[in-house]
Amino acid sequence: MNDRYNIHSQLEHLQSKYIGTGHSDTTKWEWVTNQHRDSHSLFIAQHDMLSYFALSENESRARIKFNFLERMIQPCGPPPERMDTDD
Amino acid sequence: MYFPGGKTPDVSNKARTYTSIMQEQELRRDQRGVEDKMREKAKTGELKANGSDVTVQQKKKRRWDQAVEADANNQPTPKRRIDAPATPSQASWAETPGRIAPDATPGSAQTPGTVRHWAETPVHVSAGSMTPGREPTTPGHSGATPSGRRNRWDETPRGTGETPAHSGWAETPKANRAGEDKIEDTPSASVSKRRSRWDETPVTAGAMTPSMTPGAHTPGGGTPGGFTPGGAFTPGGATPSGFTPGGITPSGVTPIGNKAMQMATPTPGQLMAMTPEQMQAFNWQKEIDIRNRPLSDDDLDAMFPEGYKVLQPPAGYVPIRTPARKLMATPTPMMGGTPGFKMQGTPDHQANKDLVVDMQPKGNLPTLKPDDMQYFDKLLVDVDEESLTPEEQKDRKIMKFLLKIKNGTPPMRKAALRQITDKARELGAGPLFNQILPLLMSPTLEDQERHLLVKVIDRILYKLDDLVRPYVHKILVVIEPLLIDEDYYARVEGREIISNLAKAAGLATMISTMRPDIDNMDEYVRNTTARAFAVVASALGIPSLLPFLKAVCRSKKSWQARHTGIKIVQQISILMGCAVLPHLKSLVEIIRHGLQDEQQKVRTITALSLAALAEAATPYGIESFDTVLKPLWKGIRQFRGKGLAAFLKAIGYLIPLMDAEYANYYTREVMLILIREFQSPDEEMKKIVLKVVKQCCATDGVEPQYIKDEILPPFFKHFWNQRMALDRRNYRQLVDTTVEIANKVGAAEIINRVVDDLKDESEQYRKMVMETIEKVMANLGASDIDSRLEEQLIDGILYAFQEQTTEDVVMLNGFGVVVNSLAKRCKPYLPQICGTILWRLNNKSAKVRQQAADLISRIAVVMKTCQEEKLMGHLGVVLYEYLGEEYPEVLGSILGALKGIVNVIGMTKMTPPIKDLLPRLTPILKNRHEKVQENCIDLVGRIADRGSEFVPAREWMRICFELLELLKAHKKAIRRAAVNTFGYIAKAIGPHDVLATLLNNLKVQERQNRVCTTVAIAIVAETCSPFTVLPGLMNEYRVPELNVQNGVLKSLSFMFEYIGEMGKDYIYAVTGLLEDALMDRDLVHRQTAMYTIQHLALGVYGFDCEDALNHLLNYVWPNVFETSPHVVQAFMGAIEGMRLGLGSTRVLQYALQGLFHPARKVRDVYWKVYNTIYIGAEHAMVPAYPRMENDDRNTYMRYELDYVL
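Chains A and B, in that order, give the protein sequences.
The first sequence begins at 1 in full-length UniProt numbering and counts up by one.
The second sequence begins at 1 in full-length UniProt numbering and counts up by one.
These aren't lab readings, by the way, just hints derived from the structure by calculation.
All values derive from a computational prediction rather than experimental measurement.
Idealized CB from N, CA, C, for every residue including glycine.
Where hints are given, some of them may not hold.
[Claimed, not checked] Computed spacing ranges between beta-carbons, pair by pair: (1) R1160(B) <-> D48(A): 50 to 58 Å; (2) C578(B) <-> Q10(A): 35 to 43 Å; (3) K1161(B) <-> D48(A): 40 to 48 Å; (4) G1072(B) <-> L55(A): 45 to 53 Å; (5) H970(B) <-> Q10(A): 29 to 37 Å.
[As the list claims (entries may be wrong)] Some but not every residue of chain A turned toward chain B, in silico, with C-beta under 10 Å: (6) W31; (7) L55; (8) S60.
Model the full structure from these sequences, guided by the hints.
This is the structure in structure tokens:
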């Protein structure tokens, strides 16, 4: 019984260990950046997806793959200026 | 781990521990210091024997027998009470109810002239407050009279060592008085309780001060007035002859003065000396005393109406006292006090309450245990922290942390642990260890508490790092003894601390700290040091320690150093096991020369170290030992006795490392010596020889023929005798070795030699033979046992079995194993065996009957193999007749035997027929004994499973009712068997009646019962298909009763869990019910419904039930904000189920609504939901994320998703 409580009370902590999870202070930029990275990694991983994008952009698959990898660095551009409001 | 040949001192020898040795030394230093100081004082004239007290005493002396109304307040206040405030005011004395104040004079101080007070206050003698000085005033309650309490005092002599306990006042306190004066003066509990703690700050002021002014205590310091008439302050007065049961022999010495005073008031210091039970009893009696105290004038004034007045007693009135009592009433003046006499004043309420020390310190701290008093009593004093010096503040802070860690609740403990770790450097190593180490040495420390403190040390060591260096020695003194503790976990924790200490302080510090102990004269110190070094080696790596070890092992200074050095190697190999392999060669090189040392002990430990190294290295590394083989083999020819034993042991461990060829050669070499030593009378040698024989015989290179010819004859001659069976360890070792030999030479060879001994007259020896045969046959089977041996074997076993006087499991197991391995070949003997069993089933002794029944269940399978069904039928009938057995253990075994027979013979052929057997079992189900319940329910379940058709449905219903009771059982196996049996019965007689019974049971109060019932319903639903159960179950939901409705929901939850994808047929049926449950106000309704939905959603995954699921999700979702842990868990479970059953996209759409909600509380939970689905289905969410518009700074669009070809 007690164990289950504990596991559960630690659920958030456990989740926070994964990249891509969020919390109540996650900003739009962080969230969308993660979305982009997830998307690109998925596109790269899926053979058919990659072919589809290559065909659409009239590029080689390797080029598309490279672009996606590059784009994962800052997919949405630089983070927004931090606003100095402490809630 | 111990190597018997070694010089390891006995662990259990607690008489002298490392710490106590160190502390004795320190103590001696202290003592010398104090003596010096006294001598100096004597020179300067400051030292005087309390002269003022003497004069006062003389002045007052004549007053002791007068009934004077003396005002105690105008008495001089000699410094008699050491732990009292400067002026021992009346109030402080009055705090002890029922105790006569030692400075008392006849006639109450507060109410002079009220004779009423002569009536004795009923006084309870409680442990801590027991003073010899008080007893005389309460003759009726002297130590001899109270009945039960006396025991407690004998039990816990500690702390009351100064009190003459129940022997009463007449006897002088024993050892102290008669013995040396010095000890007498430090009678505090802490001393008698734990002598290892002398060097600590004494807890009670009274404990220490007197020793500083010994003048006050020399017999001369007490004037004659201080003694009872006839008392002599000589050891003679302490003879037990002075003690009579009445406690009134005048020859005794009334403990006086400081001694009496010290025990007077239970100060915190004294309370600490009590055991918790004493403490409780003390508190209880305190309360009773307060309730039964005599009425004071104020009380009487309050009770009586106006107009009463206090009369003077008649002038000639003298209270009646028997002579004995008069004697008892002899004043107990303290040294220099008035030899007068006084009743204690009526204790007032408030003072009494304060007396029981509040064990709860202020400021959100956990309660103290009585044992904690001496460490944490400062926390009980309320002080202004600001007024303390920084050091005191630190100490107090540490004390608070430690108390929280030791006694606090888990969260409290966790926080304190974190804080003390964070602040470790700021608090400093000194103050921290000054408090932790004494605490860790406390003998009353519980395992859990020790573990916590070890954890504290671990953490702060990391933080303190090199700051710890000055304290390394102090820590080691405390921790090293842990390394040889009997308790495994204590040893592990000791290792952990030392290893962390080594990491923090560094190798250089560790070596320089422990170096002096390496050639300490005390073996104990060397032993613990060796172990500590081994731990350091494992923490910092063996290579770093090698140069040091090399130097130590070659020490020219003393053989002790060499001995310790080699012992370190031994301990390293024991501790690290195969991790020594990379360094094996260098380790062997380091200790090699020890084999030729001129000191026998060094040679022995070297051989033992080699044995340990070889054991750790098995089966590799023989090449590293090349250099020691020759000296070892030379050694076994050279030496005798202990040295030889160690050498043999080393060889025993080396032989398994060798190639077959070498092993064969060396075995032959060593075997000559071994066979010679077979006849050694030395127990240690015997054990080692047996072990080495075992190791030699297990090696590949040793030929069976060689063993048969050379080893077996002397082996059996010398070892297989009755004497070997007597010692437990010899017994084990001999059995193991013989089994190992049997593996080589075959079962028949060995069994042939021992089988006749099954009829030996010594029972213990027969048992050893039986155990050997059992193990040999379990390993090797019965294939090479010929028919003659088989006959002998059965004959012997039957004899041994019948002749046993103490029925234990060895004979039973042996019998079972032999019969099972002979299997079909048993057939001719079975009638005889069964005859024995039947005869023993009828025995007077319950144990015998139980064993016979157990034997049936073990050989039932063989009886079937031998096709002795008739015999089994007969046994069945007999067992059936014995079902009236009254001993539950036996009844359990009989049921087990029946079960064994039913299992192999089948339901149809069973005699007695099942239809007769089962009704007989029904009443037995009522039996409350666990073994009976378990065996009975197993048997009933078996019958319900396989042979339900033999029993009328009515009988099954009756059993159903009995089974409900079994759902209350403590043992899970019983509850599980009962629940499963419901399933079988429902299958047999249809679900309706069973279901009705179970549904009714949902109304009971007891939760466990209801839970089991819901499980049973779910099982019934599973075995009889849900559609037979669901209508009735859902109908039951209409009962407007919380427990029933929840039970129904829970049954549904279990049911959907069990039926899995079959749930797709029922989801639409239950949706309405779940809707209703999810709209209920009751939290548990919603929680259980959500669990149900979780299982349901998982079950219907992939069966197109999204519409129903989405509908249910709409009802589940509002619970997102619930905070109760169970509900939160149920909600998350349901969400996870939905993620699968409904798809993560839909759940994401729900979660998106709140991710950026203005209220943090909302965002918190919604992100939690988001994270849950994100972790579960990260990629599945890629197409489902909402479309984001770019702003002038960032591109949020995922353009790729807009491509259309």
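Violated hints, by number in ascending order, as checked against the structure: 1, 8
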